[in-house]
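Colleague: Here are the chains, one letter per residue:
Protein chains: 2
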Amino acid sequence: MYKKVEIGKKILSANDQYALKNRQLLAEQKKLCLNMISSPGSGKTAILVKTISELADKLKIGVIEGDIQTDLDAERIRATNAPVIQIETRGSCHLSAAQVNSALENLPISKLDLIFIENVGNLVCPSAFELGENGKVVVLSVAEGDDKPAKYPAIFAKSKTLLINKIDLLEAVGQVDFDIEKVKADARKLNKDIEIFPISAKTGEGMTNWYHWLERKIKAGQ
Amino acid sequence: MYKKVEIGKKILSANDQYALKNRQLLAEQKKLCLNMISSPGSGKTAILVKTISELADKLKIGVIEGDIQTDLDAERIRATNAPVIQIETRGSCHLSAAQVNSALENLPISKLDLIFIENVGNLVCPSAFELGENGKVVVLSVAEGDDKPAKYPAIFAKSKTLLINKIDLLEAVGQVDFDIEKVKADARKLNKDIEIFPISAKTGEGMTNWYHWLERKIKAGQ
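Quick mapping for you: the protein sequence lines, in order, are chains A and B.
Quick note: the first sequence uses numbering that gives the first Met the number 0, first residue 0, plus one each step.
Quick note: the second sequence uses numbering that gives the first Met the number 0, first residue 0, plus one each step.
Worth double-checking, as some hints may not be accurate.
Copies of one chain are not kept apart here, so a pair can be met inside one copy or by any two copies together.
[Unchecked claim] Below, computed lysine-lysine pairings styled on DSBU-like, alpha-carbon distance capped at 35 angstroms:
{"#": "1", "residue 1": "20", "residue 2": "110"}
{"#": "2", "residue 1": "159", "residue 2": "201"}
{"#": "3", "residue 1": "191", "residue 2": "201"}
Rather than coming from a laboratory, the hints here were simulated on the basis of the structure.
If we strip away everything but chain A, and leave its shape as in the complex, we get:
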């Protein structure tokens, strides 16, 4: 007796199996889902709060909120009246596709236009775990310095979009520490198609470009 072995059939990890489930669910429901990744304190939550509030008349947005501990960020999202599911990872440094799967089951997906996943604040580990999202958005604050694409290339190589946040601090940080053109060039060396939007979630500067990008992506069905 011989068993037939299929050569080339990729065996999926447990995480990738759930990522595939999530991808299929999102495709069936035709929903855009974006995975926001950054260092702690780059402003992911502030960007989401601003985006949800300013697009409230146009888009229904839901959020899956990942944190190691506390629900401080989920509370900030909840204050906008957007539906939010909190995942407390209790020490784990990234969200898993299984966690996102369970959160998706608890969100009113059919009523939403757009779902954001706010990953754990970590520029390294979350980039290695597919969640089934349609795209990753990396956020970099100008206070973090302009060497980050070179030093943490994985997430810049994998993201659809780079939001350069806190440009209201640019003058105080100074061009020696943050040369915005260098960041753009270094990110594009890793990823020629990456879209880059310098923004300030605090002052609102540049946010319209980001909103238009979101609206275009939703319209294009991705």
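Let chain A serve as the given structure and place chain B on it in line with the hints.
Modeller: Okay, now just chain B, sitting in the frame of chain A:
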């Protein structure tokens, strides 16, 4: 035949075995070794460059420099003429005690007063891996927001010292986003003995308090 089993004998992980080796080596040589941990872009390298330069007449400092990719930080340290060993983790999100062990073997330890380990930029994972150091120093930039001790408690609970860096940006960031007294109170709730120094590696403000702390620790033989 029965085997005698020693109850209570802790079985060390491979990492902890190397951490123990490092701790013994540092104790034999009576050297202070500090493990610097923070988010990407909080200013660990800038703090080291400033500290090495300003204490050049008093202390001989060596550095073990951890990065996921590139030797950009090691180059900045090398420019101060301090001995530096670069560890490129190639994707790994933290330094291991084995990597530090090999770096220690390549540093002229007997000629040094103080060894800094600059961990990978990551506020989460490095806190879980003992390297055999005498203490951890956590760095938080004021641009990262004042909710970090609550959201990432492990590293604040485990550190001897908290450096609140980039206080030159405090005015631009604003007290709404960074209340320095709240950070101090939250960190002390997790760790009543933590020493806290607000500093700016850029302007030099507050650095003297940090230098005096280092000198006291070296004098006390820890």
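Colleague: For each hint, tell me whether it holds in the structure or not.
Modeller: Each hint tested on the structure:
1. 20 / 110: within (20 angstroms within a copy, 58 angstroms between copies)
2. 159 / 201: both (23 angstroms within a copy, 33 angstroms between copies)
3. 191 / 201: Both ways: residue 191 and residue 201 sit 28 angstroms apart in one copy and 33 angstroms across, limit 35 angstroms.
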